[in-house]
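Asks: Residue strings, one per chain:
Protein chains: 2
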Amino acid sequence: MKTNLILASASPRRKELLELLQLPFEVIPSMVEEVIDEQLQPAEMVQSLAQQKAESVAKEHQDAFVIGSDTLVVYQNQMLGKPSSEDEAKETLKVLSGNTHEVFTGVSIVHEEKIQTFYEKTAVTFFPLEEKEIEEYVLSGEPMDKAGAYGIQGFGALFVKEIAGDYFSVVGLPIARTSRELMKMGLPDKNTMLKSGTTLL
Amino acid sequence: MKTNLILASASPRRKELLELLQLPFEVIPSMVEEVIDEQLQPAEMVQSLAQQKAESVAKEHQDAFVIGSDTLVVYQNQMLGKPSSEDEAKETLKVLSGNTHEVFTGVSIVHEEKIQTFYEKTAVTFFPLEEKEIEEYVLSGEPMDKAGAYGIQGFGALFVKEIAGDYFSVVGLPIARTSRELMKMGLPDKNTMLKSGTTLL
Chain A
1 MKTNLILASA
11 SPRRKELLEL
21 LQLPFEVIPS
31 MVEEVIDEQL
41 QPAEMVQSLA
51 QQKAESVAKE
61 HQDAFVIGSD
71 TLVVYQNQML
81 GKPSSEDEAK
91 ETLKVLSGNT
101 HEVFTGVSIV
111 HEEKIQTFYE
121 KTAVTFFPLE
131 EKEIEEYVLS
141 GEPMDKAGAY
151 GIQGFGALFV
161 KEIAGDYFSV
171 VGLPIARTSR
181 ELMKMGLPDK
191 NTMLKSGTTL
201 L
Chain B
202 MKTNLILASA
212 SPRRKELLEL
222 LQLPFEVIPS
232 MVEEVIDEQL
242 QPAEMVQSLA
252 QQKAESVAKE
262 HQDAFVIGSD
272 TLVVYQNQML
282 GKPSSEDEAK
292 ETLKVLSGNT
302 HEVFTGVSIV
312 HEEKIQTFYE
322 KTAVTFFPLE
332 EKEIEEYVLS
342 GEPMDKAGAY
352 GIQGFGALFV
362 KEIAGDYFSV
372 VGLPIARTSR
382 ELMKMGLPDK
392 NTMLKSGTTL
402 L
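Chains A and B supply the protein sequences, listed in that same order. Just so we're aligned: 51 in the numbering used here is position 51 of the first sequence, and the numbers increase by one with no gaps anywhere. Adding 201 to a residue's 1-based position in the second sequence gives its number in the numbering used here.
One chain only, chain A, in its complex shape (with noise of 0.2 Å):
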């Protein structure tokens, strides 16, 4: 028996993450075009687009387990994606700056038949910032590829005071219950594989 499983995101903090479950997989980005409907609310955006990617993949590995997300930060019913340019950027940590936002994350995994679809919020509350921290901060080139212009996990750290949630669905995977979510969908664990010689990838 073979047995894949694949993400569908080229982020390395999701590759990072589902790394945890000790489980051999392959990285395969969805190169789908994403159909955003700008009417839904960010909770069923998150799920459609996370959905989207997982299918997308899906369709060329029919026996995989195939796992999608997609990540928004929010302020005030205001979608703030990955910033366009460092002016974007400094002004969306300039939002966040001494208030709180919320992040959702949604995961999709497909396989054979069956979808799972869920999402995390979390709420995260910045320190306020100074204007000289957001002008290195940018400097450094992380906010550019995050949601929201900022990585929990990197420099970004130093903003936080507090969350209410997943961390790591802040992150960019709620690794804990995606792992739950994959077994109850009928992945073997790394035990199960090694007893009855299952072989992934």
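Just so you know, not all the hints are guaranteed correct.
[What the hints assert, rightly or not] Ranges between beta-carbon positions, derived for each pair: (1) A/E135 - B/E331: 20 to 26 Å; (2) B/A324 - A/L40: 54 to 60 Å; (3) B/A365 - A/Q41: 46 to 52 Å; (4) A/A123 - B/P329: 22 to 28 Å; (5) A/M185 - B/D264: 55 to 61 Å; (6) A/A123 - B/P225: 32 to 38 Å; (7) B/I316 - A/L40: 50 to 56 Å; (8) A/Q41 - B/S286: 25 to 31 Å; (9) B/K295 - A/D37: 41 to 47 Å.
[Claimed, not checked] Derived DSSO-like pairs: lysine-lysine, alpha-carbon spacing no greater than 30 Å straight-line: (10) A/K121 - A/K15; (11) B/K385 - A/K161; (12) B/K385 - A/K132; (13) B/K391 - A/K190; (14) A/K59 - A/K82; (15) A/K121 - B/K322; (16) A/K82 - B/K391; (17) B/K260 - B/K295; (18) A/K90 - B/K391; (19) A/K15 - B/K216; (20) B/K283 - A/K161.
[Said to hold, decoys possible] Among the chain A residues that face chain B by a calculated CB cut under 10 Å, a handful are: (21) A10; (22) L72; (23) E133; (24) E162; (25) R177.
Read the hints as simulated data drawn from the structure, not as lab findings. From a predicted model like this one, the values you see are computed outputs, not experimental measurements. Glycine included, each C-beta is placed from N, C-alpha and C at the ideal position.
Got chain A; can you put chain B on it based on the hints?
Replies: Chain B alone, transformed into the frame defined by chain A:
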């Protein structure tokens, strides 16, 4: 001018967090015989231990900024330190399974005549754990040097449903607040040092 920053802790996790400041520092673990007053509440206990550690190292390094820290896991008024055996680690994890516990981290910064001591309290909720998850995790060796018998930044991440408070405090050091307290006490930041020609260490 020579400015020293010293971490009075042997914890590799605290060292990694302090590196986020991008300032050179020395690790000088405190060798103090910890005086534990069993009457103390967790918040007082971690602050007292953090301060004992910082003060013992500061005595030998008068001009330095010395950081001491201590972490305790508390469940239903029971303080859970580092497990003394694999069996104790398993017992602790069974107690934490499916429940919410609190992590207290005390931090004390000593510089010349000034002492700044504070603590952070973070609530951590575990998913219900299966017996074999606990067995495997203890076999990995990860729980043995950690308060509460788990590392949230390691495979322990797979157990955590949600937290409320500072994630990095659960790892071992509330780095955002520590950074801010250091600046308030007069530690020059990276840029100020570069400009003034101040050398660290």
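Asks: Can the restraint linking A/K59 and A/K82 be considered satisfied, given a maximum Cα separation of 30 Å?
Replies: Satisfied, since the Cα-Cα distance of roughly 27 Å is no more than 30 Å.
Asks: With chain B as the partner, please determine if A/E162 meets the hint condition of a C-beta pair closer than 10 Å.
Replies: holds, 5 Å
Asks: Would you mind confirming whether the straight-line C-alpha gap from A/K121 to A/K15 stays at or under 30 Å?
Replies: Within the cut-off at roughly 20 Å; holds.
Asks: Keeping to a limit of 30 Å between CA atoms, is the pair of A/K82 and B/K391 held or broken?
Replies: holds, 27 Å
Asks: Below or equal to 30 Å on CA atoms is what counts here, so check B/K260 against B/K295.
Replies: Violated - the C-alpha atoms of B/K295 and B/K260 are around 41 Å apart, more than 30 Å.
Asks: Between A/K121 and B/K322, is the straight-line Cα distance small enough, at 30 Å or below?
Replies: Holds, because 21 Å separates the two Cα atoms, which is no more than 30 Å.
Asks: Has the hinted range 25 to 31 Å been met by the Cβ atoms of A/Q41 and B/S286?
Replies: Given about 50 Å between the Cβ atoms, the range is violated.
Asks: Let me know if the C-beta of A/E133 comes in closer than 10 Å to any C-beta of chain B, holds or violated.
Replies: Status holds, d = 9 Å.
Asks: Measuring from beta carbon to beta carbon, are A/M185 and B/D264 in 55 to 61 Å?
Replies: holds, 59 Å
Asks: B/K283 and A/K161 were given as a pair; does the straight-line alpha-carbon distance stay at or below 30 Å?
Replies: Cα-Cα ~26 Å, so holds.
Asks: Please verify that hint: A/A10, Cβ, nearest Cβ of chain B, below 10 Å or not.
Replies: violated, 21 Å
Asks: So if I understand the rule, the pair passes when the alpha-carbon distance is 30 Å or less; does A/K15 with B/K216 pass?
Replies: holds, 24 Å
In terms of the numbered hints stated before, the structure departs from hints 1, 2, 3, 8, 13, 17, 21, 22, listed from lowest to highest.
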